[in-house]
Structure formats: C-alpha cells, structure tokens
Amino acid sequence: MDIKQRLKAVLQEAEIYRSQGLISEAQSKYKDAVNIVNSIEKLKNKESLIKAISEKISALKTTKEKVEKGPTTPELSQKAQDLIKNLFAFSESTDQDSAALEGAVALAKFGQFDRALTELNGLLKKEKVRVEAAKNILQCHLASAGADEAINQYQQWYTGDLFHANQLEGVRTFLEEVLAKKGVEANLPSPLETIDPQLEESVVEVQPQVEVEEEFLDITSIGITFDAGPRKGKMVEFDVNFQSGNMLSLIISKQESELIETLEERMELKDVQFFSPIAIFNGAGVVASKTKIKTGPKQGDYCVDIRIVST
Amino acid sequence: MAIFNLKKREIECKVVYYGPGRCGKTTNLEYIFGAYKKQVKGEMVSINTEGDRTLFFDFLPIGLGQIRGCDVRVQLYTVPGQVKYSSTRKLVLRGVDGIVFVADSLEVRREKNMLSLKDLQSNLKEYGKSIFKVPLVMQFNKRDLAEQGIPLMSVEQMQKDLNRQLQVPAFEGSAVKGDGVGVTLKECLKLTLQSLQREFKWAQ
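For the protein sequence lines, the chains are A and B, in the order given.
For the first sequence, this note's numbering assigns the number 1 to the initial residue and increments by one for each residue that follows.
For the second sequence, this note's numbering assigns the number 1 to the initial residue and increments by one for each residue that follows.
Rather than coming from a laboratory, the hints here were simulated on the basis of the structure.
All values reported here derive from a predicted model rather than from experimental measurement.
All C-beta atoms, glycine included, are put in the ideal place defined by N, C-alpha and C.
Hints should not be assumed to be uniformly reliable.
[Said to hold, decoys possible] Not the full set, but computed from the structure, chain A residues with beta-carbon under 7 Å of chain B:
(1) 13
(2) 16
(3) 25
(4) 70
(5) 80
(6) 83
(7) 237
Turn these sequences into a full structure, and let the hints steer you where they fit.
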C-alpha cells in the first residue's frame, strides 16, 4: 500500500476508535500516524499535519482523564434512586419494614448514601429492623465519611435511649469487628457493662445472633497503579484471595514474572483502588511479604500480602 | 432469580447484557427500545457517566405476552463495562436468569473480550452459578465496521477465543444498525425460558 494511503487508513482507524469511545486505541493509532508522517520525507504541510494530529492526541488525553477521574458514585436523581430501590431490593419478605430496609441497603450499595441514611434513620423507629438499620447506617458512614463518623454515631446511640442494651451490644460488636478489619482499634463502651449481672444473663439468652455483614466491607479486588517497572502508569487489577483485617493476600501467577519482580517487599503502593461490593475506595498500601508457593496446584505462583495503610 | 406468581400465572425474569466497555451493550438495548415498541413495557433507564459510559446499569422492561398460558415479562439490564466498576457489575448480575455476552469484533479489543468473559465467569461463580450452565448467548458485535476497512477478528477467531469451550449460540451483529440484535435476544429468551421451565415447570 502506498504510504499516503496507509496514513489515510491509519487516521481513519484512529477516528473510528475515537468515535467509539476507545480512547487508548485511538491514541495509539494517532501516534502511529505521527510516525508515518515523520517517515515521509517530501510531504507538504508536514508540520501542520503533525500539529493537527498532536492536538487530537492531546484532546484524547483530556477525555481519558475526565473518564478516569469521573465520580464513582454520583448522587442520582430521585427517579433513578427509586428504580434502584425497586430493582435491587432482593428480599422475598412481604413484611413492609424488611422490604424498606432492603430498599435502603440497595441505595447504599449503589453509593446513594444521603438518601440511604435518611431512610435507615427512619427505620430505627421500627423495633424489628432497628439493629440491621443501625449496622447499615454505620456502614454508610464508614463508606462515605470514615471511621470517626461511625464511632461518633455509635457514641450518640450509646448516650441515647433508643436501643435496648442487647440491641446496642449487637451494634457495638458489629462496629468493632468492622473497624478491626480496617485496622482501626476502637474501645467502644458496652451497654452490658453497666447493667445488673443477673439481668445481663437473661439479656444474653434472648440476644439475637448478630450476623456480621462481612460481604459489605470485604475487599474483593484491588487495582494497583504502578509508578515503576514495565507497567508504570498502568492500573493492574488483582483478585483478593484472602483478607484478614487490613491485610490482603493475592495470588499472582508465575507467568506474570514482571509483576512479581516489580512487587518487592516493603514497596509502597501509593495509588491503590480497593473494590468492595458497596463502593470503591482510593488509598495506599505496602507490600508486606512475597512468598513463592512451593507445593500444591499453585506451585510456582507467588502469594503477595499487601497491608492497607490508608483509604 | 425469576419471580413466578402461580396464582396470576405470571413470570418475570432477568436478562443481563455483559461484555467489555464500549462493546455495544447499551446500543443493543437502545435498538430494542426503538424497534420492539409493542413488547416494551416502560421507559429505558440509563445511568451514565462521563463520555456516555454506563455508570451503574441500563434497564428496559419488556413483555412477551402469553406463552403457554403464562404472562412472561423480562427485565433487560446492561452492566458497566469499564474494569473499575467491578463491584457494580456483580450487583447487577445478582439473580440473573439469562445472559447475552456482547463481544467487540475489533481486533484491538481481543484481549478485553477475553478478560470480560473471565470476569463474568468469576462473578457468576461468586453467586454459585456456572458459566457452563447459565443460559448464555454471544453476539459478535460491530461487524459493520469491516465495510470501513477497520481490522476485525474473523468469526472463527472469536469462536476460538471465546466460545471454544462454552459452545453457546453465537450471532454476528451490528447493534448500531440493528443487525443480529433481535435474533440474539430471541435465542437468549428461548434458552432462559427453557431453563426456567426445567426449574419451575411453569408452562402448561
């Protein structure tokens, strides 16, 4: 193919990728086009052509940044929120309060924390769903504002009279476990420490089994953007194979040798996205250990432990 | 999970369009919304972000009318294709009854197709479902771009990459033109209803 025709074809390909929203692919093709232009010695308007293509590359870079930095959980319209409540509340219960709780939890899962909090706070008045509503309120605070907000909320409940002692103890246990997973130590006051031991005994007997919603804050995968190594500047996503508190274990295949070499012990990972079923958190981590698996089906692969240092 | 109302003889099931970012999942739904007005039972809802990319999901309710004495309604969803919306994809996939995997025919998207299919398998597994057992249909989208001289993978190549083990029905498509959209959906609905029949014995 004639070089000018090839240039035309590459530019057309780039333009189609751009129109399809395939930003990286379009950028790559425009760069190919620049190389072709540079290789043609006697080309009229060479400089202006390169300038025009470079502007397109630059515009794509801006678009890419906008896409990458776009809000992960923007506040939606009330209509969209109603739809989420309607479509993603999976309860088979016909009980009105349980269904309302499911709806509020669905909103929280899609990051609609303001409305979720409003609805969950309303459900605190309902005895049957009070504890579950409280636990989800704490999860919303943890996801949207942080641990301090959740602790403050618990303190408020502790000093108030909305909860029975056994209910509040369930909430306290839940919050402490969730905070421990995040690496936060919190000695929350227990309502059971202040009541008559005989009463406590009877309370413990009727205390409902509090189910810790581990799924809610579990990190299912992480995306590491490397600032060194062959994948510098690129985000690589890893599944989390095991989580204990703020320690995440990843299994990396022996075939990914360059990644394994890049992830050295004590290496700081400054740009990490933590994906959980409820939301995505940005933060940082440190490579705590890197161990070669010596036996079993994963023999030769590496187990890399990453400690979350901030979210 | 499909909702079956024995008294009213109604069945409502969920079909999810899955695939890599920008492969044409939303375009499939938009075409269905525009072309199958009789079946469409409400507005199509899209929750998008920057660059018209799906942020959470698209939703389109359709009705198939009476099938073997049962009123069949279907909720069509798309998932966000971008890698970073992994948790949302998983949420949308919950309770799925049938899946259309939309693969991008562009050569440059070969790896993305494979990664997305792997992601689907992994998410289904987390809900205790096997990709080999769930009603699944593939669509090789954007075949029209060959006319513009854009390098596409051959259908054989895509079958080999994505469908060698699964052996599910696969159709060529151009969602933007509407080619293959109807036949893909029809096949997925057929497989989904057959699967639900085995489970619920809903048909008279």
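Going down the list of hints, with the structure as the test:
Nearest Cβ of chain B to the Cβ of residue 13/A: about 6 Å, under the 7 Å cut. The hint holds. Evaluation of the residue 16/A hint against chain B yields a held restraint, the C-beta minimum of about 6 Å falling below 7 Å. Given the 7 Å rule on beta carbons, the hint for residue 25/A holds: about 5 Å separates it from the nearest Cβ of chain B. For residue 70/A, the shortest C-beta to C-beta distance to chain B is roughly 4 Å, which falls under 7 Å, so the interface hint holds.
The beta carbon of residue 80/A comes within 6 Å of a beta carbon in chain B, closer than 7 Å, and the hint placing it at the interface holds. Hint on residue 83/A holds. Least Cβ distance to chain B is approximately 6 Å, under the 7 Å limit. With its C-beta approaching chain B no nearer than about 6 Å, residue 237/A sits inside the 7 Å limit, and its interface hint holds.
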